[in-house]
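Here is how the chains run, residue by residue.
Number of protein chains: 6
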Amino acid sequence: MPRTLVTELTDGQSLDQSFRLADKQIRVNRQGGKYLLLKLADRSGTIVAMMWNADDSDYEKIRRGGYVHCVGRTQVHQGALQVILTAIDDLAETEVDPSDFDQFDAGAADQALATLRDMIENLHNVYLRGLGKAFLSDESFISKLRLGTAAVSNHHAYPGGLLRHTVDLMEVCQFLGPRYPGVDTELLMFGAFLHDLGKIEEISASGELSYTDRGQLVGHIVIGVQMLGDAIAAFEEDADEDFPNDLRLQLEHLIVSHHGQLEFGSPRLPATLEAIALHHIDNLDAKITSFTSLIESDLTNNENWTNYHPSIGRKLWKKQ
Amino acid sequence: MPRTLVTELTDGQSLDQSFRLADKQIRVNRQGGKYLLLKLADRSGTIVAMMWNADDSDYEKIRRGGYVHCVGRTQVHQGALQVILTAIDDLAETEVDPSDFDQFDAGAADQALATLRDMIENLHNVYLRGLGKAFLSDESFISKLRLGTAAVSNHHAYPGGLLRHTVDLMEVCQFLGPRYPGVDTELLMFGAFLHDLGKIEEISASGELSYTDRGQLVGHIVIGVQMLGDAIAAFEEDADEDFPNDLRLQLEHLIVSHHGQLEFGSPRLPATLEAIALHHIDNLDAKITSFTSLIESDLTNNENWTNYHPSIGRKLWKKQ
Amino acid sequence: MPRTLVTELTDGQSLDQSFRLADKQIRVNRQGGKYLLLKLADRSGTIVAMMWNADDSDYEKIRRGGYVHCVGRTQVHQGALQVILTAIDDLAETEVDPSDFDQFDAGAADQALATLRDMIENLHNVYLRGLGKAFLSDESFISKLRLGTAAVSNHHAYPGGLLRHTVDLMEVCQFLGPRYPGVDTELLMFGAFLHDLGKIEEISASGELSYTDRGQLVGHIVIGVQMLGDAIAAFEEDADEDFPNDLRLQLEHLIVSHHGQLEFGSPRLPATLEAIALHHIDNLDAKITSFTSLIESDLTNNENWTNYHPSIGRKLWKKQ
Amino acid sequence: MPRTLVTELTDGQSLDQSFRLADKQIRVNRQGGKYLLLKLADRSGTIVAMMWNADDSDYEKIRRGGYVHCVGRTQVHQGALQVILTAIDDLAETEVDPSDFDQFDAGAADQALATLRDMIENLHNVYLRGLGKAFLSDESFISKLRLGTAAVSNHHAYPGGLLRHTVDLMEVCQFLGPRYPGVDTELLMFGAFLHDLGKIEEISASGELSYTDRGQLVGHIVIGVQMLGDAIAAFEEDADEDFPNDLRLQLEHLIVSHHGQLEFGSPRLPATLEAIALHHIDNLDAKITSFTSLIESDLTNNENWTNYHPSIGRKLWKKQ
Amino acid sequence: MPRTLVTELTDGQSLDQSFRLADKQIRVNRQGGKYLLLKLADRSGTIVAMMWNADDSDYEKIRRGGYVHCVGRTQVHQGALQVILTAIDDLAETEVDPSDFDQFDAGAADQALATLRDMIENLHNVYLRGLGKAFLSDESFISKLRLGTAAVSNHHAYPGGLLRHTVDLMEVCQFLGPRYPGVDTELLMFGAFLHDLGKIEEISASGELSYTDRGQLVGHIVIGVQMLGDAIAAFEEDADEDFPNDLRLQLEHLIVSHHGQLEFGSPRLPATLEAIALHHIDNLDAKITSFTSLIESDLTNNENWTNYHPSIGRKLWKKQ
Amino acid sequence: MPRTLVTELTDGQSLDQSFRLADKQIRVNRQGGKYLLLKLADRSGTIVAMMWNADDSDYEKIRRGGYVHCVGRTQVHQGALQVILTAIDDLAETEVDPSDFDQFDAGAADQALATLRDMIENLHNVYLRGLGKAFLSDESFISKLRLGTAAVSNHHAYPGGLLRHTVDLMEVCQFLGPRYPGVDTELLMFGAFLHDLGKIEEISASGELSYTDRGQLVGHIVIGVQMLGDAIAAFEEDADEDFPNDLRLQLEHLIVSHHGQLEFGSPRLPATLEAIALHHIDNLDAKITSFTSLIESDLTNNENWTNYHPSIGRKLWKKQ
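Each protein sequence line maps, in turn, to chains P, E, S, H, R and C. Residue numbering for the first sequence is 96 to 415, as defined by the numbering used here. Residue numbering for the second sequence is 96 to 415, as defined by the numbering used here. Residue numbering for the third sequence is 96 to 415, as defined by the numbering used here. Residue numbering for the fourth sequence is 96 to 415, as defined by the numbering used here. Residue numbering for the fifth sequence is 96 to 415, as defined by the numbering used here. Residue numbering for the sixth sequence is 96 to 415, as defined by the numbering used here.
Note: identical chains are not told apart, hence a pair may lie in one copy or across any two.
List time: in silico EDC-like cross-link candidates among lysine to aspartate or glutamate, alpha-carbon distance up to 16 Å:
| hint | residue 1 | residue 2 |
| --- | --- | --- |
| 1 | K413 | D279 |
| 2 | K129 | E155 |
| 3 | K413 | D393 |
| 4 | K228 | E336 |
| 5 | K228 | D213 |
Rather than coming from a laboratory, the hints here were simulated on the basis of the structure. Please read these numbers as outputs of a predicted model, since none were measured by experiment.
One chain only, chain P, in its complex shape (with noise of 0.2 Å):
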């Protein structure tokens, strides 16, 4: 029998399937009895589980962050599906298909990273491919790079997802920059490819996504401002030339005002016609793909909208 992927699990489902166990706790109730209160994961997605009457066996026999195989029924609690449990039992590694629980698709990261790396390689502008190279052979930031998820939560929030936005961004500044004659589209691609490289260090994407101290602390606006600096410095060692100071000043500001708004975290407005360009175009692609995730992760059947979701102080309408 397949599994069922997290996302696809409806109310009233019956289970008999592997899972990763992300996070395991013992509870009493308020009738004295114990019972268990899970996070089931797989590649898709996590999922609350509860397993009633339970004892302190069966909390011991089962691993934070191994697998499990499980039994049970979904049901719907409070509007947000669970899973109630009625047995589970430890898997070893060697039971279950890795690719039902790695939720990074290793093939599209690959494919992401060459269109990158041909944009790169395609620059006219000497010190924007230049400066491009001195970030691309650099294998501990490719391979942070190739993993790292561009939000905890909303949009692109998976490991890859960060190079899927970033290279999405860098393919429709190609597309727009030469619309207008005023802006420089080489300049506004390597905006793009910049923007939001601080999240690397800013969310820990290994196991659940979560911000850092540093990430809390500094935030990705001014690490990525940092991360320019050593590339720079790399560059400028490797070059043995210095990199054009107003050059550097302008990426340094599409960096630092890619939110559009200081009360969005950019600490300066953008002055530039690419600063205003890559907000946009950042804003579109950010607004578009976390709308359409709303939609589709919604689990209210019969009804053309969404629940109502605070964060954008409203309901969604899905179209049949």
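Got chain P; can you put chains E, S, H, R and C on it based on the hints?
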């Protein structure tokens, strides 16, 4: 001697050429002397002019809306360029080159209209294609659309600007739509076609650009919905078939929500993927176009920065 | 034993009476037992009820939308009143008193309609009077208006509430208009008549109050303008005379601007004396009515103050 | 030749009549010549005037606060009407008609006072009636109330304006109160009486309207509470009976919350039905009165629209 | 066995000790069983407790406001610590150590009072010193001030907290005042003394902290001005001399403006150097104290960060 | 005759003294006459001057940036003081007293630097002390810090102002830190040292104060983080030891969050006790200093109130 366009005038420049007389007034200065206060125009823009020590015959001999020959010199007064005239004379229409004064670029408009017709005729959705033809077969609509402006000031504020902005958006939609699986590209393109049509009735594009009473009392968003209603009625009569209600609601929603937020005058927030996409594509084009025009029209010479613009809360960087 | 209305139920009260079954669901609790989750209604309101240890036959024997006889007891759970049932049975429509369940007060509606007809017929402005008659002679419109609600929750949220709110506003306009010399009282009264008519199509008042697709995608303000357009067309056809354009624009403006500010969903700000007056009179009636209902429906017994209401950012004082 | 009132002056009008000299200054222009900069007033308003080529004797012969005879001509300068004088002379008080210069309409004030006394004396609530009499029997209070203004600019900004606004509100409260069952009409009316009394001490209504130090440091809301405290003390001494504490708190609350929102200077939000009603009735009267005055004082001749007013963020429509 | 303070309880801890019974309720659970819902308190704080399978005699034998002996175990439920009891018994007042339950630290209060008296007596300004003595010689005022709280929750929310906050501010003012030449240090210190005195009447500090009717209807800012008025009257009677009016206005202004902005409840903006200083010094003390308490009371164990606090829109970093 | 400082000039004052010529322009007036438009400066400030009826030789004989001797008279024009010149002559540098023109107070700067060195050297935390020395041993940094300004206008807007503001904050931190148990006083003091250092590169303090390109494109907050990174690199190279990562993050956070809110340009909100304290201490010093300077520079003579300042939304009270 060829004319210098209004937008190409600089400080301290001698003038000896023709203008359109957009406005004329006679005033008394603090010492009791009379002077002329004029607005001189050509296809590129408008400039204020004064002639000191004028008398009533100077005022009488020139016609508001007619052409004049001017001798004088430019100067910057309180940050704006103006002209101090030493002589002014009436010119017959036959004495000027009409192409100097016609702000409207008929060739560009015809090309844009052809592109628009092409995009409409290539739609696969029969209702959208039929509805598009209902608009395009309305001679009166087409002649207004050709001359329409997208704004009184700011971006695309010239006869033909509305059509330019509309076709630009439709082309961007054609490129971006297919990148997002959930988006109906034809619906999005049609939304781009419709979104600002109400401006035809909101802004009077003959003579000085100005808002109509209907424009100020009702606004282009509601007018656009009214125009859509008329076109649907025309389609239904012609096709002898009802226009699908769901499709109508989605088109109305695209118009109604395209400003993106209530405080920008949209009575509803974007609630479909196409609506959120249209808003951001519109915003992107408007912002880049408007920033470009602020940079191009900036007069400060020896600075890397434009003046401070309160409407956007910043100065813009002018790169060489 | 007479029924106790839903809104008059208090904590810890025994129940043995009829309800309308607004909704029924069967659920499984954490220990695997089944229970019924129900919504019980009468003309005064709706209350949630649970019956523990139920089985499928309990669920099958009662009809959603039908009537039931309930035995049980009320309790406060997380600040809201609910009912715990010990027995439930189906009731035939003949076994209940319909007046207990009909939220709509037909007598009050007819009286309000009569007042409305009276005010319309006494208008001196022939165009407004004629347009009013075009509305009032439309049977389908009248039957929807009689049952319409002014909101899904908050003020006047019941069938007939729209008519009540409309006629109330018109009477206040009739009193206040003449106190302000510049105000056209008849125009103001007609604006009050029109301002919320779009809610007839925005909110479905049959069964549970809920927004229609049209309501959510287009909104009552734009719908109201569309309804006005249809009525003007009817007037013109009937009178064989054009409706004055300036008057039409003013009426459209009254609808379009009556929320008073862009961020409250008005695409235009009030720009005529009648528009600013209508907005404030509407606001006054809505606020007093809504505060009254918050005070009346408050359950906290031994306090001078209601609960904190986030929507208005405060508690209200309940005087004895 | 009868005088033309200041507010009825139009552009390009010859003048040969009396004014009150509200202010006089002598200035040196850029060419070293001296000129007079004056403020001319009558009961309807104030206008700026200049007399070029003046000398010290011109300046000396006229008295600030006295009367002058002026010959000259009006003109619009930067959107505002001003007068260019060719002659000016001192006038004795006996040479003018005082009714031309007295902005205060004593008859209207007496009539409003009579209405006020009548409403207070007809209150059924003995405490409110008694407290009202404590105010009305204070000669010093009455003489200030008669002359008080409701604002320095904007609505009701003239001696007598406060009384007019107060009595108007009380009458509206008398009509609206009984329409809302939960509202205590007499309490609401008394709140209307009290709400702006602090303005008597906040604004100096003698000569040019201006804020007092106390007005700017403490504000009319807190001053109003202080005045209420004094009147209650007077009542208690007179009646030899305590004023009920709950009633006192409600009256204080009506004053304190009548601006409706913290950001408009109310330290508490309206939390009683009377308080929310009073705020909206006050707002309604203030807004209609202020918009009326903006329309009436607009100078733009050949337009359907007033100038843009930044304080309300819009132009207003002037219908014929 | 020594008691563990409420604030020192941790998850999964066994309990066998005394508490004050702040509240008791008997409830019926979903299976029809009864349980007790209690609030247990000591001087450090309050915690919710439940005893399952209780009966009416359990409920009857314990007294609200009395003392109880409890046996049970703590657990975290939905992020908050609670206690599940297995036994509860009534305790006589003689069986507990009162110092465990008295939240008020009398020694600290007396010390703070002494500091306050000292600072007042050392003022050189005779009016401020005299006015301060008028306050300090009022026994009833002093006994309320000793016990007053600065807030219902958030910073300094305990009996004695108001005095602590007041004296702290005065000391900071004493240090900072002389650093700024234009600042009148004694006036600033006296403003710090006055600024929150109205909280004595705004918040009831006996039993559970809660707002009084007067507090909610009028607010501590206006109450503070009233208290100042009474003290000035006392001073004038005692000294047989008028208190200087300018000084009175400045003191009133310090109270009235100390929240710094209208939207934070100050009806006037700070307009003197002392007022702007007082606002910022108050804000500084309140913010540091409140952030400290959020960090100290955080329960999340194995994290560097507290929970997200919506009131401040962030998590806080907990360093080791 | 001793010079009168620019800031001590009053209306109607005769002048016969030296100035630095900050700027010179020659203009043509409306009657065709030429005049000089000048900026005259000394150490206290700058004032605009005009000389009517000038010719090209007047313009040529004086040097921008040089010194001039002026004869003329002050006058108030549109609320600002200006000078009307009757004569102007070039002065050699040897003819003026340099101390009249040097805005920078070298003695005060040296004293502040000594205080700063002292505080750094007395830090107990070896990393902070070492890092501080890395800054202080950088000659180029010190010479810029000595002359740096904290703003282009508003508070501390003069060469040396940055150092003054920095040392002031550190002293306040030294006093306040120990009052709050959770606060690390040395970390707080070091944050005060760092917080505005980026202004050294943001604002060009030579000649007229103005923002650099780097300042406008990147901003002092991000520049400050870059400077900290360089100093840490210098420390690590010198000490041959890694700077602790947690400490680095906290220092970066102090810089990044010190504006306190996103909308004031901080990309992160203060999340440590030291960060929230630093923000409020900075704000306190900036606000008192800026209000003091608004009061001191106010020209309105016979009023208790300054002009209205839109930037702070109020007038300020000037006490005698």
